Amino acid sequence: MTGRETFHVSVVTPEQAVLETDAVFASFPAHDGEYGVMQGRAPLLCQLGIGVLRVDDGEKQNYLFIDQGFAQMVDNKLTILTEQARKPSEIERAEVEEALRHAQEEPLQGAEHMWADERLVKIRRAKIQLKVTEMDID
Amino acid sequence: MANRRVLVKRRKAVRNIRKITRTMQLIATARFQATFNRALATKPYSEKLGELVSDLSSAAGETQHPLMETPTADKTALVVITSNRGLCGGYNANVLRQAVQHIDSQKDAGKDVDVHMIGKKGVNYFKFLGRPITRGIRDLNDDPQFSEIEPIANELMDQFVNGEISAVHVAYMAFESTSRQSPTVLQILPLAADLGDDAAAEAGGAGTAKEYEFSPEPELLLDRLLPASVRMRLFQCFIEAIVSEHVARMVAMKAATDAANDMIKSLTRQYNRARQTHITMELLDIIGGVNALEG
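The listed protein sequences derive, respectively, from chains A and B. Position 131 of the first sequence, counted from 1, bears residue number 130 in numbering that gives the first Met the number 0, the numbering being contiguous throughout. Position 211 of the second sequence, counted from 1, bears residue number 210 in numbering that gives the first Met the number 0, the numbering being contiguous throughout.
Rather than coming from a laboratory, the hints here were simulated on the basis of the structure. Check before you lean on any hint, since a few could be wrong.
Claimed, not checked - Under the rule of at most 16 Å between Cα atoms (straight-line distance), these lysine to aspartate or glutamate pairs were calculated in the EDC-like manner:
no.	chain 1	residue 1	chain 2	residue 2
1	A	Lys-76	A	Glu-4
2	B	Lys-119	B	Asp-107
3	B	Lys-18	B	Asp-257
4	A	Lys-130	A	Glu-82
5	B	Lys-119	B	Glu-154
6	A	Lys-76	B	Glu-212
7	A	Lys-121	A	Asp-74
8	B	Lys-126	B	Asp-113
9	A	Lys-76	A	Asp-55
10	B	Lys-74	B	Asp-138
11	A	Lys-126	A	Glu-104
12	B	Lys-47	A	Asp-74
13	A	Lys-121	A	Glu-96
14	B	Lys-110	B	Glu-163
15	B	Lys-47	A	Glu-82
16	A	Lys-126	A	Glu-94
17	A	Lys-76	B	Asp-113
18	B	Lys-47	A	Glu-14
19	A	Lys-86	A	Asp-55
20	A	Lys-59	A	Asp-21
21	B	Lys-47	A	Glu-104
22	B	Lys-42	A	Glu-33
23	B	Lys-74	B	Asp-113
24	B	Lys-42	A	Glu-14
25	B	Lys-42	A	Glu-19
26	A	Lys-76	B	Glu-210
27	B	Lys-106	B	Asp-73
28	A	Lys-130	A	Glu-104
29	A	Lys-121	A	Asp-55
Said to hold, decoys possible - Partial selection, computed: residues in chain A whose CB lies under 7 Å from chain B:
no.	residue
30	Pro-13
31	Ala-41
32	Gly-57
33	Asn-61
34	Thr-78
35	Leu-80
On a predicted model such as this, the values are computed, not experimentally measured, just so you know. Note that the Cβ used here is the ideal one computed from N, Cα and C, for glycine as well.
Next comes chain A alone, as it looks inside the complex (with noise of 0.2 Å):
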């Protein structure tokens, strides 16, 4: 620790607790956009799209892939709930190719909103896992 101010990150998941850590900063991929967490934020909940969740611990970046779920910030805690959450490691490339290949073959089912069509939810989630792999993470 740097001596800068913390919080506390969990992230779990139905099956297990995902990262329990201390953290100086932390960013998560909200319905609506990124949201960034310092130290001491107002209490907040709410809804998680599909992107990449980083927690600064004050020494390295923790970077994790998040599919939806919740997000609440209370009492200097923060809590991701999500259905997934994938390490860049535990992200099996050649398999989101595969997925990304079958959902662009799929055809467009013409909804007018982003999240409302399913086909693109699934593009977007191949795609931003590809992302996470190729993220230089020491």
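Following the hints, complete the assembly by docking chain B onto the known chain A.
Positioned in the frame of chain A, the structure of chain B alone reads:
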């Protein structure tokens, strides 16, 4: 003497069986530990989910959600969780008895039941009874992943919201402790309307209504949260059922090993007695012969 050889053979057979049952007991114990830890690992998620639901429903006020209302369909769904393998005592029989009772009581109430049967044992049993199954799943392995359960839950919720079914129940072996599991029929849909209040009472009546910043509106959040909690509940049923299965197998195999031990003891005793009788008879023969010669 033929009798003695038979006894030795039987004892050998029982010893072999004991070897198998003891090994299975050890395996079940190890598996139980692993699945029990998995079950514990699901706790944080479900607790947090409950907390969020209660926080949200107090913020959203009077909540109305399709998952909380009871459609008027004359059909309900029942998910029955049994095992793929046997040798676990009365585990499957108990769950299936509950399931059959539930189905019959629904029928008496004039409702048809869609049976979603998980596990080979249950599928075979219903085939034997000649009862219809809407869907049989035999290929679910020992440690079900959330991603495998999710589609089942989603499908049931879709049917429920579309008004095709009026309720969803799960028949499974609830795990209370290592020494206590009970076959249970749990209703997961419609969601109890006092869901939020219950959770709120549990979360400590401190009444610390947190001033959240919601994004999006509480109603919309709840809309997303409730299906997630239904999925989680079904997933937990599966996890609990697996833990109970391993406990049941552990107990059954321990009983089998003990019974084999007793049997070996009694066979050994019988064998020794037969051997002694044989020796005495031979001695008598010899002594008789000597006496005859001397006489």
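Given Leu-80 (chain A) as an interface hint, is the shortest Cβ-Cβ distance to chain B below 7 Å?
-> holds (6 Å)
Restraint status (C-alpha distance of Lys-59 (chain A) to Asp-21 (chain A) at most 16 Å) | holds (11 Å)
Taking only the CA atoms, is the gap from Lys-106 (chain B) to Asp-73 (chain B) under or equal to 16 Å?
-> holds (10 Å)
Distance restraint between Lys-42 (chain B) and Glu-14 (chain A), which requires alpha-carbon spacing of 16 Å or less = With a Cα-Cα distance of about 9 Å, the restraint between Lys-42 (chain B) and Glu-14 (chain A) holds, given a limit of 16 Å.
For the hint on Pro-13 (chain A), just tell me whether its beta-carbon gets within less than 7 Å of chain B.
-> Pro-13 (chain A) check passes; min Cβ-Cβ to chain B is 4 Å, inside 7 Å.
Do the alpha carbons of Lys-74 (chain B) and Asp-138 (chain B) lie within 16 Å of each other, as the hint requires?
-> violated (26 Å)
Taking only the CA atoms, is the gap from Lys-47 (chain B) to Glu-82 (chain A) under or equal to 16 Å?
-> holds (13 Å)
16 Å limit on alpha-carbon distance, applied to hinted pair Lys-126 (chain B) and Asp-113 (chain B) | Measuring from Cα to Cα gives roughly 15 Å; hence the hint holds.
Compare the distance between the alpha carbons of Lys-47 (chain B) and Glu-14 (chain A) with 16 Å, and conclude whether the hinted pair is satisfied.
-> Between Lys-47 (chain B) and Glu-14 (chain A) the Cα gap is close to 13 Å, so the pair holds against 16 Å.
Does Lys-121 (chain A) pair with Asp-55 (chain A) here, judged by a C-alpha cut-off of 16 Å?
-> Judged against 16 Å, a Cα distance of about 28 Å means the pair is violated.
Pair hint outcome, Lys-110 (chain B) versus Glu-163 (chain B) [Cα-Cα no greater than 16 Å] = Holds, at about 12 Å.
Below or equal to 16 Å on CA atoms is what counts here, so check Lys-130 (chain A) against Glu-104 (chain A).
-> Distance of about 21 Å is beyond 16 Å: violated.
Violated hints for the displayed structure, listed by number in ascending order: 2, 4, 5, 7, 10, 17, 21, 22, 28, 29, 32 and 33.
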